[in-house]
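S.K.: Going line by line, the protein sequences match chains A and B.
Per my numbering, residue 1 is the first one in the first sequence, and the count goes up by one each step.
Per my numbering, residue 1 is the first one in the second sequence, and the count goes up by one each step.
Please keep in mind that the hints were generated in silico from the structure rather than gathered at the bench.
No experiment lies behind these values; they were computed from the predicted model shown.
Hints may be right or wrong, so weigh each one.
As the list claims (entries may be wrong) - Distance ranges between label pairs, derived from CB positions:
#, chain 1, residue 1, chain 2, residue 2, range
1, B, Q127, A, T198, 20 to 26 Å
2, A, E208, B, A38, 33 to 39 Å
3, B, G63, A, G124, 22 to 28 Å
4, A, Q260, B, A22, 41 to 47 Å
5, A, Q183, B, A22, 38 to 44 Å
6, A, Q184, B, H137, 27 to 33 Å
7, B, G71, A, E208, 30 to 36 Å
8, A, Y207, B, E39, 44 to 50 Å
9, B, T73, A, Q184, 47 to 53 Å
10, B, A22, A, E75, 41 to 47 Å
Cβ coordinates follow ideal geometry from the N, Cα and C atoms, glycine included.
Residues per chain, in single letters:
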Amino acid sequence: MNALRFLCLLLVLTAASGLRGQFGGLDLGKVVDTAKNVGKVAKGVAGIGPEEERVIGGSVAVEIAGTYGGLVRDEKIMRRVNLIGRTLAGFSDRPGLTWRFGVLASNSVNAFSAPSGYVFITRGLYQMAADDDALAAVLAHEIAHITARHALKIVARGDFLAGASSIAASQSGNVRNLEAQLQQFDLGVKQITETLFTKGFDPQTEYEADRIGRDLAAVTGYSRDGLRLMLQRLQSQSTADSKQVFSTHPPLAERIKRLQ
Amino acid sequence: MKIPLLVAIAAFLAAPVYAGFAPGGTAYTKRLETALLAEPAPLAQTLARIGYAHKLKVEEVRGAWLRVSEGKTAGWVFAGNLAEQKPSENKGLDGLPVAASETSAAAAARPLAPAAIDYAGRRGLAQARSDVEWMEHTSDAIKNDQVQAFRQAQKKGEFQ
Numbered sequence: 001m002n003a004l005r006f007l008c009l010l011l012v013l014t015a016a017s018g019l020r021g022q023f024g025g026l027d028l029g030k031v032v033d034t035a036k037n038v039g040k041v042a043k044g045v046a047g048i049g050p051e052e053e054r055v056i057g058g059s060v061a062v063e064i065a066g067t068y069g070g071l072v073r074d075e076k077i078m079r080r081v082n083l084i085g086r087t088l089a090g091f092s093d094r095p096g097l098t099w100r101f102g103v104l105a106s107n108s109v110n111a112f113s114a115p116s117g118y119v120f121i122t123r124g125l126y127q128m129a130a131d132d133d134a135l136a137a138v139l140a141h142e143i144a145h146i147t148a149r150h151a152l153k154i155v156a157r158g159d160f161l162a163g164a165s166s167i168a169a170s171q172s173g174n175v176r177n178l179e180a181q182l183q184q185f186d187l188g189v190k191q192i193t194e195t196l197f198t199k200g201f202d203p204q205t206e207y208e209a210d211r212i213g214r215d216l217a218a219v220t221g222y223s224r225d226g227l228r229l230m231l232q233r234l235q236s237q238s239t240a241d242s243k244q245v246f247s248t249h250p251p252l253a254e255r256i257k258r259l260q
Numbered sequence: 001m002k003i004p005l006l007v008a009i010a011a012f013l014a015a016p017v018y019a020g021f022a023p024g025g026t027a028y029t030k031r032l033e034t035a036l037l038a039e040p041a042p043l044a045q046t047l048a049r050i051g052y053a054h055k056l057k058v059e060e061v062r063g064a065w066l067r068v069s070e071g072k073t074a075g076w077v078f079a080g081n082l083a084e085q086k087p088s089e090n091k092g093l094d095g096l097p098v099a100a101s102e103t104s105a106a107a108a109a110r111p112l113a114p115a116a117i118d119y120a121g122r123r124g125l126a127q128a129r130s131d132v133e134w135m136e137h138t139s140d141a142i143k144n145d146q147v148q149a150f151r152q153a154q155k156k157g158e159f160q
């Protein structure tokens with residue numbers, strides 16, 4: 001999907017705070033005018049502002065929770081992951097985001113993040129993280145995906161500058177058109193979730209998150225080797241079911257090698 | 001053997017916590033305000049406050065602390081409070097600098113965006129929405145002073 005179209009849709013959605021199912025109370029003329037302005041400022045991922053990121057992040061977070069069995073509603077576990085997570089995030093390159101950490105009710109071994117500060121770790125991975133250093137290493141890796149805006153870059157790719165005026169002109173201001181735009185927005189979220197759940201980020205993106213996360217853990221006071229040791233542990237415990245272990249990430253051996 | 005051991009310990013303490021910062025290099029502030037302290041200690045006197053995305057010169061590295069300067073102003077900052085690269089000043093769709101706006105009061109904990117709630121409705125993800133809202137509520141219930149107390153007790157961040 002054209003990235004500029006996606007940004008225009010985001011602005012429509014963020015501007016339309018009164019929009020609820022039946023599109024009641026929406027001033028389409030105002031939204032169209034605002035959408036026209038989007039084309040003037042949208043330049044790559046930097047054009048996605050905090051409000052737009054919040055809409056994308058919330059939608060992706062809902063998809064993650066829906067796909068991986070919901071949240072483990074254990075306040076003690078939540079307290080631990082949030083204290084460690086926010087300790088790390090406070091020294092990340094985006095300390096001002098609203099950071100939230102949760103454990104997914106899934107026995108697979110994986111972790112996910114959504115733009116604007118949502119970090120998820122599966123119960124399977126949480127149980128394998130024997131100590132705070134291991135847990136911090138996993139959380140720091142996911143924090144790095146958010147601070148480096150990796151998911152947002154998925155929707156910012158493509159023929160970004162093309163068709164700004166035609167996109168704005170296409171917003172004829174009727175409800176049918178808005179429904180079509182909502183479908184386009186949903187497709188944009190789908191692009192992100194397909195990457196998270198199925199395809200995975202490209203290897204270089206994962207290696208970058210490994211490096212940023214390792215440095216973040218180290219400067220915060222957790223073990224610099226936490227992620228490498230955690231990956232080695234996962235590697236040694238991998239079985240025939242190993243496809244369930246970080247299945248959306250590059251091979252463990254290569255990640256371990258690069259962290260040495 | 002005592003002298004080499006002391007030298008090794010001194011070298012360890014003087015070494016940067018990670019390779020990013022070195023004397024003579026640069027660092028950038030990444031918060032709306034960054035305090036420059038009189039000593040490399042979290043409770044030391046504040047000498048000055050520097051705004052967002054300022055370029056600083058690294059004068060000295062002592063463990064996880066950096067002595068930095070901007071013109072005639074100098075002081076100590078915990079390395080985790082600085083960035084190696086200049087924070088983004090690109091403007092978002094709201095016209096505000098993307099990163100700077102995150103550091104403002106506008107970034108206070110907020111619930112799931114209305115458009116995300118609509119998205120959950122369209123996708124039939126009511127239970128997942130409930131889960132995310134519970135996650136937000138439970139996370140937000142942990143206040144910043146509790147996180148700060150945790151850092152202090154666990155000797156993390158500036159309390160290392």
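S.K.: Check each numbered hint from earlier against the structure, then list the numbers of those it violates in ascending order.
M.R.: 3, 4, 5 and 8
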